[in-house]
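Undergrad: Chain by chain, the residues run as shown.
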Amino acid sequence: MMLRFLIPFLFVLASCTSAPQVQEPLPAPINVSLNYSTGGQSASVSPLNVSIVLFAAEAPGTGTVSRIYGPIREAESAYLPVQLRNTLDESGYWGAVNVVPSKDVAAELLVTGSIVESDAVSLELAIEVRDSRGRVWLNKVYRDYATDYGYETLENTAKDPFQDLFNQVANDMSEVQLLLQPEDYVRILDTSMLRYAMLLSPEAFARYLVIDDSGEIQVQGLPARNDPLYNRVRRIRDREYSMQDVVDEHFEDFYNNMQKIYPYWRQSSYELLVYNNQLENREYRGSRSGSWAAVESVYRTYKELKLNEDELRELASSFEREISPTVTVLEGRVIELQGTLADQYKTWRKLLRGIYAETTGSIPAT
Amino acid sequence: MALPVSFRYILLTLACLPGLFGCGSAGGIPAGASNANSNANANGKAINLSGAWEVDYKLTENAQEKLLFLYEIASSQIRQSQRRRDDPKAMNQQVVQRAIDDLNGLIKLGTLADSMNQTNVLRIEQGPDYVLVKRDDDFALTCELVKDKSRLSNVLGYGLEWCGFDGNGQLTFVSRLPEGLDIVHRFMLSANGERLSVSTTVKTPALSDAYTINRVYMPFEEGSSLYNCEFTLEKKKTCWLGPAEQ
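From first to last, the protein sequence lines stand for chains V and X.
Mind the numbering: the first sequence is residues 1 to 366 in the working numbering, read in order.
Mind the numbering: the second sequence is residues 1001 to 1246 in the working numbering, read in order.
For reference, chain X alone in the conformation it holds in the complex (with noise of 0.2 Å):
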């Protein structure tokens, strides 16, 4: 299930492509989560995330267009290839099939990527022992910051989730699912403070590479803004235009 090797640098390439950050934080697991023994002792320095923070478009790529171009960039191999049938070289077509199911599995890895990195607004609470990361219109991330314990979890039974920060102060969360689906949110803070990038990585054991898709957040002052929500038990959640209420 390989993809072609041009393919698959083309697919780093792109997981790198922010640039804000390099390709060298945007990847990387946390040394002490390559062996579960040293989690206990590899929390690295949390850094203190908690604001509002909202999309900087001009920064994040557009899932969309990475996709097309994957795509393109792909079948215009397996075209290529095709064609060279003389070319002993060349894919033969079972070589080739096998390509275009990997490309249609990418594009399916890479959409349920985009769909678990869609949020335009987070809101951070962090205290000494905690993170909270409320993502609009999608599920929270919570991650509870215990010194001296394994921070892997066991909350939904059979799968398994993981989170903490690194040495490098990036705060990742890891959710291993049924069906060996994996995601991996990191939250890299620039070094001046002003931009948060947030990638997702999504893997699944049918296709031998993972899918990345990075956004880039910029904060902005809580309760300036025109659009408020708030949740009671009454009217459950309720959204309104103008500044938030006291």
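This is chain V alone, in the form it adopts within the complex (with noise of 0.2 Å):
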């Protein structure tokens, strides 16, 4: 009796797989290695500090990410754009890359970037790069593809399938780095500080910046070099530097915890992605397709996945949980920031531009 409703379900969903059975070969993956600076670009200028905002977590095709797994991309949204600011500090080409939980108009380079898909076997994420002037560096989505060689290194080496990616990322930032003339750094850093600037006091910043035809910002003059007020703002900005180097480390730690599940969480999701691929050899672990063995060991690698995303899963959310309160002093005062990291940078930032009016009389933009 219930095998008579069992089994005809059973049919539709075979009917439902064999679309995916048939298989075409994965596509290779790229290859690409990291270029290093070699010191020689721009020695006049100091380079350029990059902020990458958290990655934002799509699920493909529908906008937004299930309640069940959103757990697991927005700990892919933190953990991504880490390995990004990795590879980056890596190259030599960048001065403070920190990520940070929210988008800073000011900073010199601004890094954004979505996730379009993230599976064990591929990787793709939509990346701008901009510069304080609003200048598009890049524009683009990256994909990559993972193999059983990538995997087989990752416990011998603990390098990421997807490093490449992130080396590609890198390289075209630098390419273009390298094109710009030192009139260009001036400009970033005169646009960065003068957007920061504006964020403080507009009444007071605004008419040095405006807009172009092209939709760019242009730098029409900068406060005398003994401003007190435009120095104020160089000094409010060293300590929000300095909140961007606590709110750092915590993704670092976050990244190093992500360390311990999320690679092997994706190498068993890779199995099971890539099994029928492997089903042209006959063979899965050394198990004969058909076998009992193939059978058990077909589940133990899916309860392998399954325990990692529910580790994954409780992860991500201890992580929001657990920030604990951070404690600082700002301008003689004890401050403790609570919340999320985007709560207590947001609240950080809030009380930066409290002390600026507190001390020029003028009114914190809000």
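Bear in mind the hints are in silico, worked out from the structure with no lab data behind them.
Heads up, some of the hints might be wrong.
To be verified - Derived SDA-like pairs (lysine to any residue); straight-line CA-CA distance at most 20 Å:
hint, chain 1, residue 1, chain 2, residue 2
1, V, K303, X, D1138
2, V, K350, V, N231
3, V, K306, X, M1116
As the structure is a prediction and not an experimental result, all values here were calculated from the model.
Using the hints, put the two chains back together into the complex; each one sits in its own frame.
TA: As structure tokens, this is what we get:
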């Protein structure tokens, strides 16, 4: 009686699986070596600082992430930017590279991204890089595929199977940077500082910046070198950088925690995803396809994947829950910042604006 | 690879053993699920299953005993058949061997099914659009209850998963994995809401019959337990004796 219902349904499932079983060979992964700075570029100017905003988590097709799998994608949205940050750091082309919880319009170089697709076989990221002038350096979708080899080396060398994608982004960024003239650097730095100043006091600094026809921001002039307001802005910004470092450390810790689980989750996921391709060799982890050992092996991998998925979900939800308050001293006052990292960062910026307003008698911008 | 008819009958009877919920509810797959297109609108009414549940040993069948019983019945049939060699209806050696192979396969399938349904404690979180079944010592079962959308998901690439409430308010999770391994978990709440039956059915192409194992759970007050666990980034999963920390 039971099987009368069960079997037709399983046939339906079988027919549903038939489409993906028509296998196409996986595209070849990209193979990109990271370009390292030789230290020769623009020696007269200091390297640009880069802010990488947490990637937007988007479910393919739907535009929303399911509630169940949301935490995993959320975890990836913090994990992948740190991976890019590490790659940029390693290249040696950049100044401070920080992961920030929200968009920083005054960043010298701002990297934003969204996860178009992320599974164990392919990773697709839409990346936009824009400097403080609003000039777009890159606006591109990057895609890479993993291979068996990528996961084999994961165990031995801890190299991420999608590292080539991050190398490609870093190389593209450094290529644009190498085309900059020294005056470009100066403009980017000036614009960045003026945009920050505008956030604190638009009435005092708005006149220095205009938006041209192409939508880029042009510097019309600069405050005097000894302008007390402008110097005050510089000091406030230095405090903001220190907060960015604190926030960045949280993301680094999270990344290190993720490192203990995420690569293994991807690895077991990969094994299932490429299972049918492996069937061509009629071998699966040493078990002949169709044998009982192969069935048990499939279930073991499935269970491993699901357990890792659970742990990732826990990890992601613990991350926000466990962010401890940040206690710091600001202008002689002890400040305790509470809530999520984004909340703490927002509160910090509000405090900085408040302090600026107090000392200059202006009204803080909202 | 077919099992002897009487053997198959026994298997089906045993699949319905718990009695509490009856054979019809134990084995049925949601009507809407038999047609992939109708899945979109076959969203059965969701029943609230949330809470903490612990196994009720009185009503839960013993998987080992069930397998042993099956084994004894089947091997007895094989022995009898071998003895009556002069009986034209008796099984020939080839058929006997096949029956023995099937029996071995069934034992393996039963053992696998048992390993999938061994959880003693379930913690179910449920909202209007999702159900999360956390199982002690096993992975969680997760279900998005999305209206007007197919609930067939392909999250594992070549594996397929389906979940949802059927017309009878039974929560069903179906997985079709490589090697034709099919797993169905069904959650059925008793009429008075005091018992939750979880049946797990496993099927592989190597055997013509599926194998079902049932467990029955009863609610318990979360927090009153002497044993509690928590997951933190620093310590990972830690458990302690005593009340839950606030």
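Undergrad: Now tell me if each hint is right for this structure.
TA: Structure-based check of all given hints:
no.: 1; hint: V:K303 <-> X:D1138; result: holds, 8 Å
no.: 2; hint: V:K350 <-> V:N231; result: holds, 19 Å
no.: 3; hint: V:K306 <-> X:M1116; result: holds, 13 Å
When held up to the earlier numbered hints, the structure conflicts with none and fits them all.
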